[in-house]
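K.L.:
Sequence:
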Amino acid sequence: MNTMNPSEIPVLDLIPQRPPMQMIDRLIYADENSAQGTLVIKPSNLFIENNFLSESALIEFIAQTAAAFTGYNSILKNEAVREGYIGAVKNLVVSSLPQVGAEIRSEITVVNEIVGFTIITGKVFHDNSVIAECEMRILGKN
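Okay, so the sequence shown: first residue is 10 according to this note's numbering, each after it adds one.
Hints are computed from structural coordinates only; laboratory data are not their basis.
Careful, some of the hints might be misleading.
To be verified - Calculated cross-link-like contacts (lysine to aspartate or glutamate; reagent style EDC-like; alpha-carbon spacing at most 16 Å): (1) 150 to 92; (2) 150 to 88; (3) 132 to 64; (4) 99 to 34; (5) 99 to 144; (6) 99 to 112; (7) 86 to 41; (8) 86 to 40; (9) 132 to 144; (10) 51 to 88; (11) 132 to 116; (12) 86 to 22; (13) 51 to 34; (14) 150 to 122; (15) 99 to 88; (16) 99 to 64.
Said to hold, decoys possible - Using C-beta positions, here's what the derived DEER-type ranges look like: (17) 123 to 55: 30 to 38 Å; (18) 40 to 123: 19 to 27 Å; (19) 126 to 53: 29 to 37 Å; (20) 17 to 61: 28 to 36 Å.
Remember, it's a predicted structure, so these values are computed and weren't measured experimentally.
The beta-carbon is built from N, C-alpha and C at its ideal position, and this holds for glycine as well.
Input sequences plus hints: build the corresponding full structure.
P.N.:
Here's what the structure looks like:
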């Protein structure tokens, strides 16, 4: 399998989402079981409420990091990028919401893959502090 730096691949080549629903700017790291992404929060983001990014956007940021990770692996295998859907979010903890202008980083780890579902844990960091975390079940679509 070829390896390439995930940050050199345009993120829209890795995910099925398109603006204005795009919630990841770059996939900056990927290995066999984990990945990291970044997002700079723009004032035009659909999920801005009172100058802060909403909780639902943090969940979507984690999900799109997982999507970019899957897309990156698909590209390495010369396969088409697939769609996926959030099946469930468990144990969500949001300790703070980032403001417009902030750069946030996501980190996902694949815990298990069972019958078409991928189970991940995800975290969102701002200034090296965890501001959100959850477990997510993602249903892959062929």
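K.L.:
Taking the hints in turn, state whether each one holds.
P.N.:
Okay, the hints, checked on the actual structure:
no., hint, result
1, 150 to 92, "holds, 5 Å"
2, 150 to 88, "holds, 13 Å"
3, 132 to 64, "holds, 12 Å"
4, 99 to 34, "violated, 25 Å"
5, 99 to 144, "holds, 5 Å"
6, 99 to 112, "violated, 25 Å"
7, 86 to 41, "holds, 13 Å"
8, 86 to 40, "holds, 14 Å"
9, 132 to 144, "holds, 9 Å"
10, 51 to 88, "violated, 32 Å"
11, 132 to 116, "holds, 5 Å"
12, 86 to 22, "holds, 14 Å"
13, 51 to 34, "holds, 11 Å"
14, 150 to 122, "holds, 14 Å"
15, 99 to 88, "violated, 30 Å"
16, 99 to 64, "holds, 14 Å"
17, 123 to 55: 30 to 38 Å, "holds, 32 Å"
18, 40 to 123: 19 to 27 Å, "holds, 21 Å"
19, 126 to 53: 29 to 37 Å, "holds, 33 Å"
20, 17 to 61: 28 to 36 Å, "holds, 31 Å"
Taken one by one, the earlier hints fail for this structure at numbers 4, 6, 10 and 15, listed in ascending order.
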